[in-house]
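Trainee: The residues making up each chain are set out below.
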Amino acid sequence: MYITGRDGMAVVKLDSGYNIGVPPASCTLTERAAPVPPMQTDVVQNKNLPTLAIVSTGGTIASRIDYRTGSVTSQFNANDILTAIPELKEIANYRTIPLATILSENMTPAIWQELARAIYAEIKNGAKGVIVTHGTDTMAYSAAAISFMVDTPVPIVFVGSQRSADRPSSDNAMNAACAAAAATSDLGEVAVVMHATTNDDTCAIHRGTRVRKMHTSRRDAFRSLGVDHIGEIEFPSRKVTLADDAVRRGTRSLALHDALDPRCALVQFYPGMSPDILKAYEGYHGLVIAGTGLGHTSTTLIPQLKHLAASGTLVIMTSQCMNGRVCDRVYDTGRDLISAGVIEGGDLLPEVALVKLMWVLANEMDRKKAAAMMQDDLKGECMRRSAHGL
Amino acid sequence: MDYKALGLVAGIEIHQQLDTKEKLFCHCPTTVRETKEHNGEFSRYLRATVSEMGEIDRAAREEMKHDRKFLYYAYDTTCLVENDEEPPAPVNDEALSVCLTIGKMFGMTPVPQVHTMRKLVIDGSNTSGFQRTALVAFNGSLPNGGQIETICLEEEAAQRVKDEVFSLDRLGIPLVEITTSPCMHTPEDVQKYAEYIGMVLRSTGKVKRGLGTIRQDVNISIAAGARVEIKGVQELDLIAEVVRREVQRQQSLLAIRDELRKRGACVDATTGVDVTGLFKETKSTVLKKAKKIHAIVLKGFAGLVGREIQPERRLGSEMSDYAKKCGVGGIFHTDELPAYGVTEEEVRYLRSHMHAAEQDCVILVAGANEKQAACAISQVITRARLALSDKPVPEETRKMLESGSTAYMRPLPGAARMYPETDVLPVLIDDARWDAVVIPELLTAKADRFVTAFGIERNYALQLAASEKLPLFEQAVKEGIKPKLATFTILSTTTELRRDGVDISKIPDQAYLDTWHAVDSGKAAREAIPEIFRSIAEGSSFSDAISKLAPAVSREELEAIVKKIIADRSDFIAQKGKAALGPLMGLVMAEVRGSVDGKVVSEILKKEIETVTTPK
Numbered sequence: 004m005y006i007t008g009r010d011g012m013a014v015v016k017l018d019s020g021y022n023i024g025v026p027p028a029s030c031t032l033t034e035r036a037a038p039v040p041p042m043q044t045d046v047v048q049n050k051n052l053p054t055l056a057i058v059s060t061g062g063t064i065a066s067r068i069d070y071r072t073g074s075v076t077s078q079f080n081a082n083d084i085l086t087a088i089p090e091l092k093e094i095a096n097y098r099t100i101p102l103a104t105i106l107s108e109n110m111t112p113a114i115w116q117e118l119a120r121a122i123y124a125e126i127k128n129g130a131k132g133v134i135v136t137h138g139t140d141t142m143a144y145s146a147a148a149i150s151f152m153v154d155t156p157v158p159i160v161f162v163g164s165q166r167s168a169d170r171p172s173s174d175n176a177m178n179a180a181c182a183a184a185a186a187t188s189d190l191g192e193v194a195v196v197m198h199a200t201t202n203d204d205t206c207a208i209h210r211g212t213r214v215r216k217m218h219t220s221r222r223d224a225f226r227s228l229g230v231d232h233i234g235e236i237e238f239p240s241r242k243v244t245l246a247d248d249a250v251r252r253g254t255r256s257l258a259l260h261d262a263l264d265p266r267c268a269l270v271q272f273y274p275g276m277s278p279d280i281l282k283a284y285e286g287y288h289g290l291v292i293a294g295t296g297l298g299h300t301s302t303t304l305i306p307q308l309k310h311l312a313a314s315g316t317l318v319i320m321t322s323q324c325m326n327g328r329v330c331d332r333v334y335d336t337g338r339d340l341i342s343a344g345v346i347e348g349g350d351l352l353p354e355v356a357l358v359k360l361m362w363v364l365a366n367e368m369d370r371k372k373a374a375a376m377m378q379d380d381l382k383g384e385c386m387r388r389s390a391h392g393l
Numbered sequence: 033m034d035y036k037a038l039g040l041v042a043g044i045e046i047h048q049q050l051d052t053k054e055k056l057f058c059h060c061p062t063t064v065r066e067t068k069e070h071n072g073e074f075s076r077y078l079r080a081t082v083s084e085m086g087e088i089d090r091a092a093r094e095e096m097k098h099d100r101k102f103l104y105y106a107y108d109t110t111c112l113v114e115n116d117e118e119p120p121a122p123v124n125d126e127a128l129s130v131c132l133t134i135g136k137m138f139g140m141t142p143v144p145q146v147h148t149m150r151k152l153v154i155d156g157s158n159t160s161g162f163q164r165t166a167l168v169a170f171n172g173s174l175p176n177g178g179q180i181e182t183i184c185l186e187e188e189a190a191q192r193v194k195d196e197v198f199s200l201d202r203l204g205i206p207l208v209e210i211t212t213s214p215c216m217h218t219p220e221d222v223q224k225y226a227e228y229i230g231m232v233l234r235s236t237g238k239v240k241r242g243l244g245t246i247r248q249d250v251n252i253s254i255a256a257g258a259r260v261e262i263k264g265v266q267e268l269d270l271i272a273e274v275v276r277r278e279v280q281r282q283q284s285l286l287a288i289r290d291e292l293r294k295r296g297a298c299v300d301a302t303t304g305v306d307v308t309g310l311f312k313e314t315k316s317t318v319l320k321k322a323k324k325i326h327a328i329v330l331k332g333f334a335g336l337v338g339r340e341i342q343p344e345r346r347l348g349s350e351m352s353d354y355a356k357k358c359g360v361g362g363i364f365h366t367d368e369l370p371a372y373g374v375t376e377e378e379v380r381y382l383r384s385h386m387h388a389a390e391q392d393c394v395i396l397v398a399g400a401n402e403k404q405a406a407c408a409i410s411q412v413i414t415r416a417r418l419a420l421s422d423k424p425v426p427e428e429t430r431k432m433l434e435s436g437s438t439a440y441m442r443p444l445p446g447a448a449r450m451y452p453e454t455d456v457l458p459v460l461i462d463d464a465r466w467d468a469v470v471i472p473e474l475l476t477a478k479a480d481r482f483v484t485a486f487g488i489e490r491n492y493a494l495q496l497a498a499s500e501k502l503p504l505f506e507q508a509v510k511e512g513i514k515p516k517l518a519t520f521t522i523l524s525t526t527t528e529l530r531r532d533g534v535d536i537s538k539i540p541d542q543a544y545l546d547t548w549h550a551v552d553s554g555k556a557a558r559e560a561i562p563e564i565f566r567s568i569a570e571g572s573s574f575s576d577a578i579s580k581l582a583p584a585v586s587r588e589e590l591e592a593i594v595k596k597i598i599a600d601r602s603d604f605i606a607q608k609g610k611a612a613l614g615p616l617m618g619l620v621m622a623e624v625r626g627s628v629d630g631k632v633v634s635e636i637l638k639k640e641i642e643t644v645t646t647p648k
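Chains as they are written, first to last, in my numbering: chain A, 4 to 393; chain B, 33 to 648.
Among the clues, some could well be false.
[To be verified] As a list, the in silico DSS-like pairs of lysine-lysine whose alpha-carbon atoms are at most 30 Å apart: (1) B:K423 with B:K320; (2) B:K320 with A:K92; (3) A:K92 with B:K403; (4) B:K580 with B:K638; (5) B:K596 with B:K631; (6) B:K596 with B:K516; (7) A:K50 with B:K403; (8) B:K320 with B:K331; (9) B:K320 with B:K294; (10) B:K631 with B:K610; (11) B:K194 with B:K68; (12) B:K403 with B:K431; (13) A:K242 with B:K610; (14) B:K516 with B:K639; (15) A:K242 with B:K324; (16) A:K242 with B:K321; (17) A:K242 with B:K403; (18) A:K92 with B:K357; (19) B:K356 with B:K431; (20) B:K240 with B:K501; (21) A:K242 with B:K240; (22) B:K294 with B:K423; (23) B:K240 with B:K53; (24) B:K294 with B:K312; (25) B:K101 with B:K423; (26) B:K431 with A:K216; (27) B:K101 with A:K92; (28) A:K92 with B:K423; (29) B:K324 with A:K92; (30) B:K610 with B:K53; (31) B:K224 with B:K101; (32) B:K101 with A:K242.
Quick caveat, the hints were computed from the structure, so don't treat them as lab data. No experiment lies behind these values; they were computed from the predicted model shown.
Input sequences plus hints: build the corresponding full structure.
Mentor: Next comes the structure, spelled out in structure tokens:
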């Protein structure tokens with residue numbers, strides 16, 4: 004049976020199930036395969052269970068390839084998800100909102116804003132918790148963005164899978180079940196729920212502003228940096244344990260602050276970096292530098308940074324070290340950076356600093372106050388004290 | 033037995049591990065480890081996924097009947113690919129080349145563009161839940177009209193340590209799977225073809241050797257029966273027996289069906305009856321431990337559930353295999369009771385409670401909970417109905433037991449278990465690549481050459497060609513070693529040493545070559561080879577072994593030794609004359625401790641004896 008074309012060859016499925024590629028000229032049309040209607044099984048939901056909203060942004064949590072159309076199945080409704088992951092039915096009943104079908108590297112601040120509005124509407128509409136399915140590449144950025152944009156009384160849980168949903172070993176089902184458990188728990192903040200280890204036995208709950216993808220492919224790629232994760236879910240029992248400092252359900256009142264200023268950027272300093280590169284950011288409202296060590300660039304960049312700061316760009320210094328706090332008062336270079344108008348970013352993760360800067364600049368017009376806000380803790384993104392780290 | 037009249041049709045699938053430097057989809061070595069060497073472990077669940085056609089494979093569905101947590105052992109020779117924590121590397125080109133070579137040896141046609149597929153296997157033996165496999169060539173021929181349908185390049189599965197524990201060292205070793213057409217009609221045919229294919233595979237010099245590195249699956253049916261795939265026949269000698277026993281099993285199942293129908297047997301129960309309460313005071317440890325015991329009556333089945341269908345296997349064993357898929361340990365049936373701690377009284381009570389007549393058989397399952405017991409009973413019902421049906425031999429995948437009998441594993445998988453491996457790019461096999469594939473000399477042709485070129489006896493030549501030491505032999509001949517010396521050492525000396533308990537695997541090939549060169553140049557005697565090898569196997573270096581066991585003796589020193597011995601025994605020589613040679617030979621050899629070739633000693637001794645015995 005003819006399946007598709009690939010690299011100039013016709014891909015043919017044999018009766019044994021194997022695919023092989025053959026020259027297209029060697030194929031003749033005998034008959035057209037009858038179109039197979041998409042599998043539809045009606046899933047009965049338990050209305051007595053709490054209602055959760057599932058907002059999909061295009062994560063692979065319940066998708067699969069349809070080779071005859073050559074595309075990923077895009078119908079995304081409660082039936083699809085509950086058919087793929089039946090145990091979700093035991094946890095809640097679901098409303099599904101298909102927001103986007105994008106790979107997460109194609110995420111934009113504009114979609115973060117749409118996401119924030121959708122989540123806000125769902126919570127306002129009575130959802131006891133929200134699950135956001137998301138590609139893992141930029142999940143941490145989105146979780147940080149929603150943390151700043153939505154004040155939430157209920158859990159907003161980001162979840163994805165590192166190993167594709169079309170493999171029996173996928174982490175999608177366990178992650179989704181654990182996310183649903185977290186979304187019905189006593190949690191009251193934005194979090195990422197993913198495998199805690201390579202074992203299928205525990206998921207970690209990470210604060211949306213302290214989490215980072217630290218491995219390209221492992222299930223347990225997501226880690227809380229500089230802090231402990233704020234809770235765990237056992238699998239398969241789905242028992243949720245929250246840390247003392249996890250924000251509890253009902254602590255915050257629902258509010259939406261969906262303004263963002265996308266004229267912000269993040270650059271990583273490296274030895275020998277030319278000041279010319281910074282010229283490209285002239286006119287930007289905010290710039291986060293991922294500096295070396297305690298928060299440094301070479302002295303050759305300082306005049307250009309000074310020029311940017313003087314012309315109105317809010318420049319925030321963070322560290323490539325990921326763990327630990329920026330301190331530009333120890334070495335001369337650091338002191339020179341501060342004199343140039345660079346703001347110390349504390350222990351903010353560089354990408355969280357970027358997202359926060361977009362949010363702060365859109366919500367606070369006064370440059371001084373905005374700089375102070377960057378150093379204040381708004382949603383658990385910066386710590387007054389440095390715990391042991393690593 | 034007239035297998036032709038029974039309509040026996042059989043084919044084989046041969047799985048042979050390749051001896052490549054790296055695994056098929058990662059850069060780990062293809063080294064098999066001791067499980068105690070594992071340096072990490074992790075646990076996973078697997079769930080069946082739908083195929084690209086939107087179905088769940090029936091074999092996968094069967095494996096999913098109960099949630100199983102699998103534990104994996106990792107090693108410093110395995111990586112994140114085996115752990116299913118990293119996408120696969122491109123197909124190992126060395127393995128693909130070996131596969132193409134084998135394809136060409138069987139006169140096959142290569143696939144223009146090779147696509148890697150995922151074959152769904154969720155019994156835990158693959159961390160991903162699938163085995164990667166690619167069809168590389170098809171339509172090959174075997175002697176006497178046999179045919180090969182396909183050759184596939186696959187990754188080896190993880191080795192089961194016990195129960196749900198698997199070892200990852202073997203996972204990902206390249207494997208070729210050769211599938212013949214159903215072209216065999218007697219048990220002996222099957223064995224002969226398997227032997228021939230194995231010989232062709234070994235002719236490449238690129239396949240792994242030793243137990244477990246080659247496995248045969250046998251597909252068998254008889255006219256009135258059904259196709260059954262028997263997996264994992266490791267010993268070639270057992271293949272014919274496996275076929276004979278499967279024919280016997282299919283015939284027995286047909287006979288049982290006929291008998292059941294004659295009796296008017298039926299399976300009208302749809303669920304089991306909870307009889308947990310009946311066994312409150314039981315002495316049976318299995319039943320005592322069980323949280324839920326369910327029973328059903330199979331009307332008219334008495335005596336047939338316990339009837340042997342092949343050695344050590346009964347219809348009851350088949351039902352038990354089905355029930356085990358739900359996680360229970362097995363079943364009890366009244367054909368075998370009272371036994372296992374179940375008393376006659378309990379059986380009587382059970383029969384009466386179940387309203388079982390004399391010709392009925394009652395089946396019991398002991399589950400850890402209600403769900404498990406109910407699942408097991410429904411499996412028993414399914415199997416019992418099959419026994420009565422028009423097709424009383426179910427199409428199944430079965431595994432070989434030690435004796436050559438078999439047990440049920442799962443239904444035969446369908447095409448629904450194949451899914452494209454989206455992480456591996458297809459590989460083009462163009463004419464240039466195919467034309468460049470060089471066909472190696474067949475081992476049988478090699479043996480013929482050894483006979484004609486080296487004058488080695490044919491049966492030795494065949495053994496040599498089949499030996500793992502064949503490359504060593506060919507190297508030795510290339511280096512100018514006498515072929516007969518190398519043959520004798522490889523086939524005879526090492527066998528004797530092994531029988532003496534010497535671990536000859538500790539002797540490196542280089543030590544063989546060094547020793548032969550030493551013999552060739554007169555530095556060591558042929559007779560010293562066993563002692564040299566024994567010493568090396570015990571840990572000595574070659575040079576230590578040689579200087580300890582065969583200190584160099586010059587011709588002058590040897591002549592002096594001979595002269596002294598002759599002088600000391602002049603009376604003996606005078607008395608025996610030339611016949612003194614034999615006894616004196618032993619004395620000289622003892623003196624030089626094997627460091628001189630016996631021929632040289634004999635030659636000098638003979639000359640010196642002649643000198644003293646010849647009248648002056």
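Trainee: Any hints from earlier that this structure breaks? Give me their numbers in increasing order, please.
Mentor: 1, 2, 6, 9, 13, 21, 24, 25, 26, 28, 30, 31
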